[in-house]
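Residue strings, one per chain:
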Amino acid sequence: MANGTIAIDDKSFLEEGTTKKATGIASWLFSTDHKRIGLMYLIAIAIFFFTGAILGVLMRLELIAPGRTIMDAQTYNTIFTLHGVIMIFLFIIPGIPAVFGNFFLPLQLGAKDVAFPRLNLLSFWIYLIGAALVLISLFVEGGPIDTGWTFYIPYSVRTTTNVSLAIFAAFVLGFSSILTGLNFVTTVHRLRAPGMTYFKMPLFVWSTYATAWIQIIATPVIGITILLVVLERLFGVGIFDPALGGDPVLFQHMFWIYSHPAVYIMILPAMGVVSEIIPTFARRTIFGYRAIAMSSLAIAFIGYLVWAHHMFTSGISETAAIIFSFLTFIVALPSAIKVFNWVATMYKGSIDPQPPFLWVMSFIFLFSIGGLTGLVLGALVTDVHVHDTYFVVAHFHYVMFGGTGTIFFAALYYWFPKMTGKMYNLKLAKFNAALFFVAFNTLYFPKFIMGYMGMPRRYYDYLPEFQNLQVVSTVGSWLMIIVICLIIYNLLSGLLNGSKAEANPWGGVTLEWHIASPPPLENFHEIPEVTHEPYDFSQLKNMKYGLKGESK
Amino acid sequence: MNSDPTAYGQYVDSTMMYISLVSLTFLLGISATMVYFVFKYNRKKGVKPVDIHGSMLLETVWFVIPLILVMSMFYYGFIGYKDFRTIPKDALEINVTARMWNWDFVYANGMNLDTLYVPVNKSIKLNLISNDVNHALYIPAFRIKQDVIGGTQHYMIFKADKIGSYNIACAEYCGLDHSAMYTRVVVMPEEEYNKWYESNTKDEIKEIKTEEVAKKDSTN
Ligand code: HEM
Ligand SMILES: [Cu+2]
Ligand SMILES: [Cu+2]
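Protein chains in written order, with our numbering: chain A, 1 to 552; chain B, 1 to 220.
None of these hints come from the bench; they were simulated from the model.
Every residue, glycine too, gets a C-beta built ideally from N, C-alpha and C.
Stretch by stretch, here's where chain A covers chain B in the computed footprint (C-beta under 8 Å, at least three residues):
1. 24-31
2. 39-48
3. 63-70
4. 137-143
5. 148-161
6. 173-181
So that you can see chain B by itself, here it is in the shape it has in the complex (with noise of 0.2 Å):
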């Protein structure tokens, strides 16, 4: 049941997925277990309490078990966020810059757009500045977020394998429309890609129905 649209987020699915289920497995046996001695042990007449002030096992056990499970948590976030931070040589780079409240992608050529367009299987670096406040560029889609902060540039990098279009919003509070900063991430087809790229100029850029892109993606 692959869905994602980059292999990225499917990591990210599959460690949600993992810690989920030990978290489950806790909870209920938890709740379970409290449940049944709430029941097993209710006050009844003549019936006394034990008074078990503790084991030495038994805490070293509920230690232990639990950190080798967080380690291993740990550990799935670990060495997908390295992946998540390193930079390919080939990626291509946009700039990217944010303002109280839209967003401006900026590409090599110069052209300058309010929505994000790439070409598909390739990875893509984002290079972030805001121009005022914080801003914090997401793709729930692609499960990325990286903040956009004042006069420090930081960078994002995905790779999606799957043409379409994806909602960019904006995570890090701004101020009045916050909630209004949407765009969109559309991948394109490679050749389609380029021809669009080519075709541009700074001052004169062609537009691109979303829809036909999105379209495309069922029959991918």
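One chain only, chain A, in its complex shape (with noise of 0.2 Å):
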């Protein structure tokens, strides 16, 4: 907690620590502060974020050509499966909760920090130890795990490679991934500002609450069934190997009971930063506020109840498979109906497309496709012929990075700098969101074709019919790459030489704007009463630091 002294002095966060030594590396290690822990997160998955992307550039140039090109099967499986595990555990899962949850919530909510902040750095250390473990696995005796990043089994149960080390890191991560959750929703009840109301609450806090409920929920299930598997492994006690005695079918269930509402952690969060780039950047108010915030508790409970849609083909019963196509539809429509009130939110605003917005309307229409073609696997028909192939490879790029990954990005984009307290260049973050969006389809799009043309998933090699739009494929990954390096030279040299932010570039209303940039050790010299809703732009004009950073 928040020990109540207030730092009166005008450092920032970056200056002043929460340790005793002021400054290394060991004042951020050892920090309770939920922004020095948000950065901190942010570093370690960019990082992981771009080897995972270096992994996909490199399956992209093997399927280049069918047969051999540059590595050999075994490498090949090793990689889509490190690239899954990789962008699955150590990005897409934490990702937006762990750097923009952990900088904004406590600050969009008025607080000086989470409920727990030293459970906070507890979590960011688990968080180092499992991606440890994953990398330790790759190098000890056994070699790198070949499974897929959904560890099936029998397979996973023979195969030699380092399946008990792999997955026990997932196992790790889970933790603390619960224990985020767990702050979070603690957060929420306990530390909101005087004044705010739960119907107050931006919805970025929304959603990041909603998110916190399945991570502390579903987490659990994936821990045992690890656990589970490992038993089975060391001790070969029969529980899912039908060899042993087990049933391969309850692992899949145990699996997906997690993974689909993992879906939902990873993209909820993202939704909750479109609710709040959208209306900074059309400057009006959100259209459907309740629709919003509700519709992410609906998909958080319903989201619950589907995950056997990754399973018609696997031999259920016919009557469940009907069942979970029906629930399956009806979970689509949360989401559909929050596409139409941003959409919606736009009508009659005064919009002005920084870099940002612009992320936020690539992200609208990729999303879109995303989710559209959700419907195809949700239908049985279609499902049953482009399951496991290409399409559904093509789905949830198009759905992961099209919508959580670009929310990334435009949030990277809104948040710097006032994360930072430096600017970025403009005209090259416009020039990121364009590319981005051509790289993107390029890369992906050719994937539904194959997909529905019979081209299966995790294929090492391919018919000769397939070659034409597997090399648009990869001249997309060749775009996708450089795209990702620029954007980090963009921000990188923000970082470094860029022109000070000022507090509040944007017009934004929530409370992160209503603080200096960036914000001081413990956010707020008083806590603010909340007297306006979270997107109420008359206040714009007697704000502190209201439009363009006029202090008044």
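Take each chain as given, in its own frame, and dock them per the hints.
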């Protein structure tokens, strides 16, 4: 807990830490300040994302021609597994909550920190330990894991690669996720500033809150499943492997009971960021505040009931398949409602399409494609055909990368000036957004077509008829890696040589824009009283840092 | 434009077409509206934004219309699926064993092949079992697949209306040579199939030239 002392000097959190030692790496690694922890997550996650992207580009290079191009089949199999594990467990699941949730949840609530700052630091350490275990599993005897990120049994019990250690890493990472969720739920319940009722909370808070519940409730299931797999691998206890009298489909159920809700852990926080960015740049209130907030909760809870849509061809009963198909279509609706509300928020606004807003426009297009192609996967007959093909690969990249990944960049460009007090190159940022859009569609759209033509996923080799589309996709991967490098370049050079950012460059009104950039250690000199709705822009003229940072 | 070798595949394609057209309409509608708003309501001096908090009517409309549309998609998926899973009485049964990394097709008379031969216009029931890890038998041209799992037998039904030879792939990741588990299903005229079937025994199997069968396809 923040202990009530209020820093009266004007030092920012970058200059003043919570540790005794004021400077040096230890003042970061042992800091309980939510903002420093958020930034440390950002650095770690950026490194993993970049690694994962390089692995993706290597796969695409292998697939530029049929047969062997640059690597053998075993290497390809370990690379797509690693790519998946890194992107899912180290990038997209922690992603927005760990970086922006940590940094901005307390700020938007008007709190000095999260409810349990030390636990927060522990979560970060657990995350690092989990990541280290993944790394170790690559180099110890047995070799890197080759099961795909889904670890399906029996293959994962039989392969001689290092499955136990790698999935144990996922187990450890799960704890980081649970503890972060616990922390956020408590923070939202206990640390709202006076006057901030639930329906005055910004929508990013709402969606992080809904996500936190999924993290707490769903993650233990994957923990238990992983322990059972380890038991089976190490001691030959028959749980999932048919050779030992187990049931391999039971594994799939348990895996997806976590991993389907996990896709909402990935997307909900991103939806929250969208609900922040659109009002700020349209300078008007959000359309359908309650509909958006409640649809987050609806997604969080109905999301538990659709896991078996990943298993329509696994031999589950017809009745089960039909019920799960039905529920899947129902859970699609809250997401559609959000999209409509976002577009409606632009109506009669005063829109200034700065880089974060351009990223959001890109998001709406890409995420809509991701969501709409989900309908093809929800309908039974079409799913039976495209399940486990490139169609699914395209679909989940559109949702996860086009959805959450795009918003990760949008959030970076939106909050970067607040986090660092510096500004990046706006022109280059706009160019990034445009090039990303082109690169993304070149990289992934051909996969929808290949999938429908019958190109299965996780294929090292393919029939010659797919080559043209494969080449297009590979060219897209080159564009994509260029975009990623440009983004990193733009932000780093902004950090090092950028001009000083105004405290409120976009004219935002949620509480983080009421304080200096970068924020002081304890955020608010005085805990604010909340009297306005979250997106009431009439307060802009009375704010300390009002329009264009003109101090009043 | 019916190019599908099975009636079921035709059904899948038209369902796909339906979902795609609805989706495309929504995608274009959403994107065009968004781009239009961004131009129309671009920030100008002196023009004040209007705060609209929402509209119960609109929220209802854009809940109910998508609801009806997705329910229709669910319905098409469900009807076709029932068809796909129903076992016809006169189905010809063939046992299939998957292993890392090939397929075994075992006929009633005991003959054992790595290519699947079937008569045209006849319902075929494949009984699928795996010897080791999970696989999935996938015939893209027929728009069907079924996971093949150790310990439990699953089945898949199809009925080809066109003579020809089509790819079979493995669609569930099964390790090193997962992408090399290709074989073919050869659909033959009924008499030819019967003649061939009867002249074979467990130990002696007459070879059929896949290309010859495929050629007949164009005359069909
Ligand atoms: C430069 C960017 C990227 C490229 C070039 C890329 C490319 C690929 C390729 C070629 C595959 C293998 C497809 C197959 O054969 O089945 C793949 C799989 C996958 N990708 Fe990406 N990807 C990129 C970014 C991402 C991001 C940002 C995410 C997550 C947010 C992601 C998540 C996944 C997952 C979960 C898999 C499945 C792995 C498995 O089958 O076990 N990828 N990607
Ligand atoms: Cu799911
Ligand atoms: Cu396979």
